[in-house]
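There are 2 protein chains.
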Amino acid sequence: MASLKVPHPVPSPAEDAESLRKAFEGWGTNEKSIISILAHRDAAQRMQIRLAYEELYQQDLIKRMESELTGHLEKAMYRWMFGPGEREAILVYTEVRKANPTPDPRVIIEIACVSSPEELLAVKKVYQLRYKHSLEEDVAVRFTGDIRKLLVALVGTYRYDGGEIDTRLAHAEAKTLHDAIDEKAFGHEEVIRILTTRSKAQLNATFNCYKDEYGTTINKSLPADSENEFFLALRATIRSLTSPCKYFEKLLRNAVINQGKDENTLTRVIVTRAEKDLQEIKEVYYKRNNVPLAHAIAKDTSGDYKAFLLALLGD
Amino acid sequence: MASLKVPHPVPSPAEDAESLRKAFEGWGTNEKSIISILAHRDAAQRMQIRLAYEELYQQDLIKRMESELTGHLEKAMYRWMFGPGEREAILVYTEVRKANPTPDPRVIIEIACVSSPEELLAVKKVYQLRYKHSLEEDVAVRFTGDIRKLLVALVGTYRYDGGEIDTRLAHAEAKTLHDAIDEKAFGHEEVIRILTTRSKAQLNATFNCYKDEYGTTINKSLPADSENEFFLALRATIRSLTSPCKYFEKLLRNAVINQGKDENTLTRVIVTRAEKDLQEIKEVYYKRNNVPLAHAIAKDTSGDYKAFLLALLGD
Numbered sequence: 476m477a478s479l480k481v482p483h484p485v486p487s488p489a490e491d492a493e494s495l496r497k498a499f500e501g502w503g504t505n506e507k508s509i510i511s512i513l514a515h516r517d518a519a520q521r522m523q524i525r526l527a528y529e530e531l532y533q534q535d536l537i538k539r540m541e542s543e544l545t546g547h548l549e550k551a552m553y554r555w556m557f558g559p560g561e562r563e564a565i566l567v568y569t570e571v572r573k574a575n576p577t578p579d580p581r582v583i584i585e586i587a588c589v590s591s592p593e594e595l596l597a598v599k600k601v602y603q604l605r606y607k608h609s610l611e612e613d614v615a616v617r618f619t620g621d622i623r624k625l626l627v628a629l630v631g632t633y634r635y636d637g638g639e640i641d642t643r644l645a646h647a648e649a650k651t652l653h654d655a656i657d658e659k660a661f662g663h664e665e666v667i668r669i670l671t672t673r674s675k676a677q678l679n680a681t682f683n684c685y686k687d688e689y690g691t692t693i694n695k696s697l698p699a700d701s702e703n704e705f706f707l708a709l710r711a712t713i714r715s716l717t718s719p720c721k722y723f724e725k726l727l728r729n730a731v732i733n734q735g736k737d738e739n740t741l742t743r744v745i746v747t748r749a750e751k752d753l754q755e756i757k758e759v760y761y762k763r764n765n766v767p768l769a770h771a772i773a774k775d776t777s778g779d780y781k782a783f784l785l786a787l788l789g790d
Numbered sequence: 476m477a478s479l480k481v482p483h484p485v486p487s488p489a490e491d492a493e494s495l496r497k498a499f500e501g502w503g504t505n506e507k508s509i510i511s512i513l514a515h516r517d518a519a520q521r522m523q524i525r526l527a528y529e530e531l532y533q534q535d536l537i538k539r540m541e542s543e544l545t546g547h548l549e550k551a552m553y554r555w556m557f558g559p560g561e562r563e564a565i566l567v568y569t570e571v572r573k574a575n576p577t578p579d580p581r582v583i584i585e586i587a588c589v590s591s592p593e594e595l596l597a598v599k600k601v602y603q604l605r606y607k608h609s610l611e612e613d614v615a616v617r618f619t620g621d622i623r624k625l626l627v628a629l630v631g632t633y634r635y636d637g638g639e640i641d642t643r644l645a646h647a648e649a650k651t652l653h654d655a656i657d658e659k660a661f662g663h664e665e666v667i668r669i670l671t672t673r674s675k676a677q678l679n680a681t682f683n684c685y686k687d688e689y690g691t692t693i694n695k696s697l698p699a700d701s702e703n704e705f706f707l708a709l710r711a712t713i714r715s716l717t718s719p720c721k722y723f724e725k726l727l728r729n730a731v732i733n734q735g736k737d738e739n740t741l742t743r744v745i746v747t748r749a750e751k752d753l754q755e756i757k758e759v760y761y762k763r764n765n766v767p768l769a770h771a772i773a774k775d776t777s778g779d780y781k782a783f784l785l786a787l788l789g790d
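If you read the protein sequences in the order shown, they are chains B and R.
Per the numbering used here, the first sequence runs over residues 476 to 790.
Per the numbering used here, the second sequence runs over residues 476 to 790.
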C-alpha cells in the first residue's frame with residue numbers, strides 16, 4: 476500500500492502550477508509551499524502539473540525546480556517528479572554510468588528483483604529511449620566477474636510471473652543450491668541460473684524447501700563475509716525477490732544508523748516506494764525497531780529535506 | 476520481402492473454411508486443395524479462417540488437419556498455421572523440451588538474433604502463456620557450460636534497436652574480440668558480453684572495424700573446428716545478427732545437400748521466413764549456388780510436402 480496522501484478534492488493542475496510559480500518567485504524560494512503541493516500528488520497528477528506549468532509559463536518545471544532548490548531536497552524532488560519507469564531508469568543510469576565511486580549493485584538488484592517483469596521491461600524501454608543504449612550492455616560493461624554474471628542475468632530475464640509451482644523442481648533446486656553453498660562454489664553458475672531465471676513463486680517454494688530440509692534459510696547459509704561483494708549481492712537478490720518490504724526496511728535501518736551519511740539510499744527508498752508499498756515497509760520497520768520510521772528519519776535528517784520525506788511517509 | 480503470394484480478391488474466411496471442410500471429407504483428403512488455400516493466405520487471414528472454421532463446424536481447424544495430414548506435410552502445415560510469435564515459441568519449446576536428440580542451439584540463436592527486440596519479446600510472452608515457464612529458464616536448464624552462457628544471454632537481453640554507433644567503442648571492442656580469439660579464450664566472458672548485449676548496428680560497426688584492422692572477418696578468425704559446439708554457436712550468432720539472409724541461405728544449402736535428411740531445418744526456414752524475407756533469401760541462394768532454390772528443394776523433396784514448400788516459395 477502507498478503511503479502517499481492526496482487531498483480530496485485536489486486542486487486542478489493549472490492551480491497547482493500557479494501556486495508553484497508563486498513559491499518560486501519573490502524573495503527566496505518557498506520550499507514549504509512546494510512540498511505541500513508536490514508531496515501530495517500522485518505520478519499522473521505530477522505529470523499533469525508539469526504539462527500545465529509548461530503551457531502556462533513556457534518553462535520546464537523540473538528545470539525550474541533544479542534552479543530553485545538545493546542539496547538533498549533538490550535531489551529528492553528531482554527523483555520524485557518522474558513517474559516510475561523513468562525514475563528507475565534514471566536511478567540505474569546514474570549508478571552504472573558514474574565513474575566514481577564504484578556503482579552500488581543494490582540499485583540494479585532492487586529494480587530487477589522487486590519490480591514485476593512488466594515494470595522491469597518498462598524501465599528497460601525508457602532506458603533505451605533516454606540513453607540510446609540497453610540497460611543490459613551498460614550493466615555488463617560496468618561490472619566484472621561473478622557479480623556481472625548475476626546482474627546481467629537479473630536485468631536480462633523476462634521472468635515468468637504466474638503462480639504455478641513445481642514442487643519436485645523446488646526440492647531438486649533447493650538441493651542444488653545447498654550443494655553449491657556447501658562446496659563453497661558461490662560463483663557456481665547453477666546458483667546464478669536458479670536465482671535469475673525462475674519465477675518468484677517457484678523461488679519462494681524452493682527457499683521454503685531449503686528451510687524445511689536444511690533447517691536454516693538460504694541467506695543464513697551464505698558465509699557471513701560482509702566484505703565479499705558477491706555474497707552481499709546474492710543476499711540482496713534473495714531478499715528483494717522474496718521479501719521486498721523486509722529488504723527495504725533493512726536498507727532504511729542501515730541508512731538511518733549511518734546518521735546522515737547515506738541520504739542517497741534514504742531518498743531512493745522513500746521516493747520509489749511512496750506510491751507502492753511504503754505503508755507496509757513502515758509497519759515492518761516499526762515491528763523490527765519499536766520506533767516509527769518517521770521518528771527515526773526525523774532524527775537523521777533536517778530542514779526542508781526532512782519535511783519532504785516525512786510528507787511522503789504520509790504520517 | 477515476403478515470398479508469400481496472396482490472390483486478389485481473396486475468398487472470405489467462411490468460404491475458405493468451407494473449401495477446407497470439403498477437402499477433408501469424402502474418400503481421402505484432398506491435400507492439393509488444402510495447400511492451394513492455406514499456402515496463399517497471410518497470418519492474419521489464416522487466423523480468420525481458423526475462427527470461421529471453429530464457428531461453422533465447432534471444431535479446431537488445426538486439430539482437424541493433424542488428423543487429416545501425415546508426415547512432413549502435417550508438420551509443416553502445423554508450423555505454418557500459427558502466426559509468428561506463437562510459431563517461434565512452439566519451435567523453441569519443441570527444441571528445448573524434447574529429451575532426445577540434443578537440442579539444436581541454432582533454433583534458439585535464430586529466434587534470439589534474427590528477430591527484432593520486440594519480436595523476441597512477443598515470442599517470450601507467448602512462451603510464458605503457453606507453457607507457464609519463461610523461455611530463459613528452459614534454455615538455462617537444457618544447456619550447460621559456455622553455450623548456456625551464450626544462449627541464456629541471447630534470449631535474455633532486450634537489445635537496443637536504434638541505429639546510433641559509437642565508433643570509438645567499435646574499435647575498442649573489435650580489439651577485445653581479437654585479443655580473446657588470439658588467446659583462444661573463446662569462453663571468455665567478454666566475447667559473450669559483446670555479442671549478447673550490443674545493438675545490431677553497433678555490432679555491425681565492430682565487425683567492420685575487425686575486418687579493417689585485422690584483415691579478415693571475425694567468423695574466419697574462429698578456429699575451423701567443426702566439432703566444437705560453442706564455436707558453431709558463436710558463428711551462427713554472428714551470422715544471424717548481421718546477415719540473416721546469408722545465414723538462412725547456408726542452412727538451406729546444407730539441408731538440401733543432406734538429401735531429405737534435414738526436413739526439420741528445411742521446413743523451419745521456409746515456414747518462418749515466407750512472410751518475412753524469403754524473397755531475399757531466394758536471391759542470395761541463387762547468387763551463391765547458380766540454381767534457383769525452388770529447383771534444389773524440388774529435387775530434395777516429394778509429393779504434397781514438396782508442393783507446399785514450393786507454394787510458399789511463391790515462384
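There's no promise every hint is true.
The list cannot tell twin chains apart, which means a pair is met if one copy fits it or any two copies do.
[What the hints assert, rightly or not] Straight-line distance between alpha carbons at most 20 Å, and here's what the computed SDA-like set of lysine to any residue pairs gives:
1. K607 x N733
2. K781 x D641
3. K675 x P592
4. K600 x D636
5. K659 x Q754
6. K650 x A527
7. K607 x E541
8. K675 x H646
9. K659 x G620
10. K695 x L479
11. K686 x T569
12. K736 x E758
13. K507 x F706
14. K659 x G558
15. K725 x F557
16. K573 x G501
17. K538 x T569
18. K607 x L596
19. K725 x S701
20. K659 x P488
21. K686 x G503
22. K573 x L644
23. K607 x L644
24. K659 x F705
25. K507 x E543
26. K675 x V616
27. K725 x E704
28. K695 x I565
29. K762 x E549
Read the hints as simulated data drawn from the structure, not as lab findings.
If you're wondering where the values come from, they're calculated on a predicted model, not measured in any experiment.
Quick rundown of the hints versus the structure:
For the homomeric pair K607 and N733, neither the shortest alpha-carbon distance inside one copy (36 Å) nor that between copies (44 Å) is at most 20 Å. In this assembly of identical chains, K781 and D641 lie within 20 Å of each other by CA distance neither inside one copy nor across copies; the values are 47 Å within and 43 Å between. Taking the shortest Cα distances, K675 and P592 sit within 20 Å of each other inside one copy (10 Å), while across copies they are farther apart (24 Å). For a Cα distance limit of 20 Å, the shortest separation of K600 from D636 qualifies both inside one copy, at 19 Å, and across copies, at 10 Å.
Taking identical chains as interchangeable, the C-alpha atoms of K659 and Q754 are never at most 20 Å apart, the minima being 38 Å within one chain and 54 Å between chains. Taking identical chains as interchangeable, the C-alpha atoms of K650 and A527 are never at most 20 Å apart, the minima being 57 Å within one chain and 51 Å between chains. Taking the closest pair of Cα atoms, K607 and E541 never come within 20 Å of each other, the shortest separation being 24 Å inside a single copy and 46 Å across copies. Taking the shortest alpha-carbon separations for K675 and H646, only the intra-copy value of 15 Å comes in at or below 20 Å, while the best inter-copy value is 40 Å.
For the identical chains of this complex, K659 and G620 are neighbours both inside a copy (16 Å) and across copies (19 Å), given an alpha-carbon limit of 20 Å. Taking CA atoms no more than 20 Å apart as the test, K695 paired with L479 passes in neither setting, with 34 Å inside one copy and 59 Å between copies. In the homo-oligomer, the alpha carbons of K686 and T569 never lie at most 20 Å apart, since the shortest distance is 37 Å inside one protomer and 35 Å across protomers. For a Cα distance limit of 20 Å, the shortest separation of K736 from E758 qualifies neither inside one copy, at 24 Å, nor across copies, at 65 Å.
Taking the closest pair of Cα atoms, K507 and F706 never come within 20 Å of each other, the shortest separation being 43 Å inside a single copy and 63 Å across copies. Within a single copy, K659 and G558 get their C-alpha atoms no closer than 42 Å, and across copies no closer than 47 Å, so neither meets the 20 Å cut-off. For the homomeric pair K725 and F557, neither the shortest alpha-carbon distance inside one copy (25 Å) nor that between copies (49 Å) is at most 20 Å. In this assembly of identical chains, the alpha carbons of K573 and G501 never lie at most 20 Å apart, being 36 Å within a copy and 73 Å across copies at closest.
Taking the shortest alpha-carbon separations for K538 and T569, only the intra-copy value of 18 Å comes in at or below 20 Å, while the best inter-copy value is 53 Å. Both within a single protomer and between protomers do K607 and L596 lie at most 20 Å apart by alpha-carbon distance, with minima of 15 Å and 19 Å respectively. For the identical chains of this complex, K725 and S701 are intra-copy neighbours only, at 15 Å inside a copy versus 53 Å across copies, given an alpha-carbon limit of 20 Å. Taking the closest pair of Cα atoms, K659 and P488 never come within 20 Å of each other, the shortest separation being 57 Å inside a single copy and 62 Å across copies.
In the homo-oligomer, the alpha carbons of K686 and G503 never lie at most 20 Å apart, since the shortest distance is 58 Å inside one protomer and 61 Å across protomers. Proximity of K573 and L644 under a CA criterion of 20 Å is satisfied inter-copy only: 18 Å between copies versus 41 Å inside one chain copy. In this homomeric assembly, K607 and L644 come within 20 Å of each other (Cα to Cα) only across copies, at 14 Å, whereas the closest approach inside a single copy is 39 Å. Only within a single protomer do K659 and F705 lie at most 20 Å apart by alpha-carbon distance; the minimum there is 12 Å, versus 27 Å between protomers.
Taking the closest pair of Cα atoms, K507 and E543 come within 20 Å of each other only inside a single copy of the chain (12 Å); across copies the shortest separation is 76 Å, beyond that limit. Proximity of K675 and V616 under a CA criterion of 20 Å is satisfied inter-copy only: 17 Å between copies versus 27 Å inside one chain copy. For the identical chains of this complex, K725 and E704 are intra-copy neighbours only, at 17 Å inside a copy versus 46 Å across copies, given an alpha-carbon limit of 20 Å. Within a single copy, K695 and I565 get their C-alpha atoms no closer than 33 Å, and across copies no closer than 41 Å, so neither meets the 20 Å cut-off.
When the C-alpha separation of K762 and E549 is checked against a cutoff of 20 Å, the pair qualifies neither within a copy, at 31 Å, nor between copies, at 63 Å.
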